[in-house]
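Line order of the protein sequences matches chains H and F.
The first sequence finishes on residue 1218 if you use our numbering, and the numbering steps up by one all the way, no holes.
The second sequence finishes on residue 728 if you use our numbering, and the numbering steps up by one all the way, no holes.
Just so you know, the hints here were simulated from the structure itself, not pulled from any lab data.
The C-beta atom is built at its ideal place from N, Cα and C for all residues, glycine as well.
It is possible that some hints are incorrect.
Result set (SDA-like, lysine to any residue): computed pairs, CA atoms no more than 25 Å apart in a straight line [claimed, not checked]:
(1) F:Lys48 / F:Asp434
(2) F:Lys193 / F:Leu251
(3) H:Lys1018 / F:Lys437
(4) F:Lys405 / H:Pro1197
(5) F:Lys611 / F:Glu489
(6) F:Lys437 / H:Asn1200
(7) H:Lys1127 / H:Ile1211
(8) F:Lys611 / F:Thr475
(9) F:Lys405 / H:Lys1127
(10) F:Lys580 / F:Glu525
(11) F:Lys323 / H:His1026
(12) H:Lys1201 / F:Asp434
(13) F:Lys324 / H:Lys1127
(14) F:Lys324 / H:Lys1150
Cβ pair distances, simulated, as ranges [unchecked claim]:
(15) H:Lys1032 / F:Gly346: 48 to 58 Å
(16) F:Arg207 / H:Glu1027: 29 to 39 Å
(17) H:Leu1100 / F:Gln133: 13 to 23 Å
(18) F:Gly77 / H:Glu1027: 31 to 41 Å
(19) H:Glu1176 / F:Asp313: 49 to 59 Å
(20) F:Asn435 / H:Lys1018: 40 to 50 Å
Now for the letters of each chain:
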Amino acid sequence: MKVGVIVFPGSNCDRDMYHVLTDVFKLDAEYFWHEKGLPKNIDAVILPGGFSYGDRLRSGAIAAHSPIINDVRKMAEKGIPILGVCNGFQILVEAGLLPGALLKNTSLNFMCRWTSLIVENNKTPFTNKLKLHQKIPIPIANGEGRYYVDELTLKKLKKNNQIVFRYSEVVNGSTDRIAGVCNEDGNVVGMMPHPERATESAINPIDNKPSSLIFESLIKTIGVKN
Amino acid sequence: MSLEPQELDELTSKIGRKPTSTELQIVAAEWSEHCSYKSSKKHLKMLPMKGPLVISEKGYDSGVLDVGDGYVITAHIESHNHPSAVEPYGGAATGVGGVIRDILSAGTRPIAIFDGLRFGDIEKDQQARWLFKNAVTGIADYGNCLGIPTIGGEVEFDECYSNYALVDVAAIGFGKKKNLIKNHAKKGDLVVLLGGSTGRDGIGGSQFASDSLESENRSAVQIPDPFIEKLIIEAILEARNQNLIHAMKDLGGGGLSCAVSETADALSIGIEMDVNKVHTRESDMNPDEIMVSESQERMLIVTDNDKFKKIQEICKKFHITCSVIGKVTSGNMMHVKKGKKTCANLPTDLVANATLLDRPSKKPAYLEKIEDEKKLAPITDYSKMMMMFLSSPNIASKIWVYGQYDHEVGIRTVVKPGTDASVLRLDNGKFLAAKIDGNPKHCYINPREGAIGCFEEACRNVVCTGATPIGMLDHLQFGNPEDPEIFWTFLESLKGLTDFAKYFEIPCVGGKVSLYNETPSGPIKPTPIIGILGLIDKTPLYPQKIASGDCLVIIGNTKNEMGGSEYFEYIHKFIGGICPVVNFEESKANMNTVLNVIKKNLLKAVHDCSKGGLGVAVSEICMTHQIGCTVSLDKVPGPKLDADRILFSESHSRYLLVLQKKNLKKLEEILKKSHVSYHMIGVFGDENIRFNLDRKSIIDLRVDKAQKTWSNSLRELVVHG
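Input sequences plus hints: build the corresponding full structure.
Set out below in structure tokens:
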């Protein structure tokens, strides 16, 4: 079982994600440069955080047109689990694989702080080991992290159970406190907070277990390392 | 932007002919104070640079320390004061970029950024507020984009920085010892310029920084592009992994002039280069401009033909440009051509080594009566005063600043900003603590003792995490060195730092001198900044939750040392008095004792006493942990003093220890044996911060109210004015 970690020019959480997948959860992971294709034997894809193309134009806007996104799109259609974190989420939204848009935080500043999430959908490949409404202590680090959807789309998201995580408090002005969403099929998940920064007790001052369950859910979905 | 008349004579006589215009530009850049250290270099030699962990190699722009198991850390400090005072966003951002490339030059990956920021009085001064806000955004936008965590620093406001800014940036790198670039070159090697294109930004930047800031010179400020820098970091590290780099240097102050001449001089080679081969942003740039442009995000690499082909492939992957601009020659000439035409042909040692100066020094007249105290107005309500003190810009929480910096990326940050020192985990299971500190208020009153105090404070901060100091970075920032009184303060500070470094055997692994920090209203206060790197072999002290009934113990004496204190200056608007003096023996005993009791696992938290004294230090613990504490000031060790002096004296070598009551006896046994001054002075519990003297209440504050004003006041000030 292999997880592909996509690297764009300007990705900067790729190595953190790789470390967590391989060293903490003993998964087989491989980096894929954005200009390459994805091989068929990939069981899950993660788009890590960072500043692809230096956030030029709009965060995620240029990376969403990378050659590798065509393969990501095909895999999404096949139902393969895909997770976008922070800039990865922004890219998935810009690529049209997830609904909504990510706007500048209401503070108009980059925000790096700890908060907590509430699990709203525990049926996705990345949340199926979490309990509904479970709290996850986790850090955010973004400047354009305010999730926005119009009312009609919000209704649709609620109806289809596409809201995966909500913030437990008002953090950045996100619509309905949404922190993470999935596509209609539930296999593509995007979230602004950083689970890879919260799975180890050494760097998580509060509780590292809930974030670990995000990765353990993935393991449950795709199976352990060969 | 030219040489002094005697320097021009010297150049002419040494080369035996009239220098060309390009030669004048090259030499003016390289002989500027900023690049040549001509005023300070003779004296800097007094600092101890060697130590058991120090790895010295020729041509490094950063200090290298061996942290065991085949790993090294690198560290460097820089400032970007003049540019930041004119264009704070770009100035601060490119300050980050420059120091990061110094770390990269050694072949190590940058893993942390620190910044020290100083501005005028933001309560009164709109300009200072604008500078502050934009410098913070500049650092955030650059560091965050690179994915290098900004994990610490300091922010201070003082009228002496009005219409000016001090932006100091330190960076730490980490890597394998075997991957360090061993700078070497042989005849025929290629000289490659990699990264951003050379434009007209930052022309004459180093000379601009070597003069008093009297006019705004925006074209001397460089333009930041963190995205290109990120690509360069990854490309260089890939090239390093494949052993493709013979020698490397970043382009900073003085641009190509400086990088080419210093590389050639350090490696005892000659370099022949063609300005036509430099990839430029504009098509009509002349050789002079190309040689002194300080455009950012550029690296100079020496490699051979075969390896260059592989470097080209790496650059192609990252879509960055690399150009062969010249080759290594025998001899020692720096030969700059434009096509076939020679623009400059100078001996590299002549360019890279300006004649060092012996500046005269004289004790400043203002120091004569500075230690006299005036009669202070009585304070009627200390609780009210304390509330105002906690919300004052220098004391208030800096969360508005570090909350804008990604301090988690890289997932090494085990102790986060907002404590005494941040701590990073290293790949060999050890931990690195680091902190930078300065105190211009103390240094103004006593340049020697003030500088020593900064050194000790930075040490105290890393000691609070359980780390042993292993290396020091110094950044000496003063006014115009041609003024003997200013030069005296520089020498005094340097001598103080040297004495402390030698006594504690902490080598100086890197440093920087920034002079001419002046505006039309005068020079800045002496502002040496000290960065300390501390190593923890096993586990750092993770601050634990403080519970009701936990005890507060102080180590160290509180003395009548009020000069330069926040209390005197902010509350009483008085500059003067006796500034805190570090007693070396006491300092060492206290430091070792604290490290010892942290290792014995007896403590929940340790916090040092510094700005704002004991009163502020205890309040900070209470506000951070959201718990009250009742403190008996009569139990504080030291001479008998009035309540306000016990509360707000900034005496050094003091530590506050928090522990469970059950560990108190064990702790006291150790402290007794260690011959340090100590006393249990308080107990944690309920919702109020209380300071009593002889059972009389002096201060009584609600923690939640104090915490709210302390956390929010800086943001309120910046956002709403």
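Verification of the supplied hints:
1. F:Lys48 / F:Asp434: 36 Å, violated
2. F:Lys193 / F:Leu251: Distance ~14 Å between F:Lys193 and F:Leu251 Cα, so the pair holds.
3. H:Lys1018 / F:Lys437: 22 Å, holds
4. F:Lys405 / H:Pro1197: With a Cα-Cα distance of about 20 Å, the restraint between F:Lys405 and H:Pro1197 holds, given a limit of 25 Å.
5. F:Lys611 / F:Glu489: Violated, at about 50 Å.
6. F:Lys437 / H:Asn1200: 21 Å, holds
7. H:Lys1127 / H:Ile1211: Satisfied, since the Cα-Cα distance of roughly 20 Å is no more than 25 Å.
8. F:Lys611 / F:Thr475: 19 Å, holds
9. F:Lys405 / H:Lys1127: Given pair F:Lys405, H:Lys1127 is violated - Cα atoms ~28 Å apart, limit 25 Å.
10. F:Lys580 / F:Glu525: 23 Å, holds
11. F:Lys323 / H:His1026: Distance of about 14 Å is within 25 Å: holds.
12. H:Lys1201 / F:Asp434: 23 Å, holds
13. F:Lys324 / H:Lys1127: Distance of about 42 Å is beyond 25 Å: violated.
14. F:Lys324 / H:Lys1150: 42 Å, violated
15. H:Lys1032 / F:Gly346: 48 to 58 Å: About 53 Å separates the Cβ atoms of H:Lys1032 and F:Gly346, which means 48 to 58 Å holds.
16. F:Arg207 / H:Glu1027: 29 to 39 Å: 33 Å, holds
17. H:Leu1100 / F:Gln133: 13 to 23 Å: 19 Å, holds
18. F:Gly77 / H:Glu1027: 31 to 41 Å: Hint holds: Cβ distance 34 Å, inside 31 to 41 Å.
19. H:Glu1176 / F:Asp313: 49 to 59 Å: At 53 Å between Cβs, range holds.
20. F:Asn435 / H:Lys1018: 40 to 50 Å: 21 Å, violated
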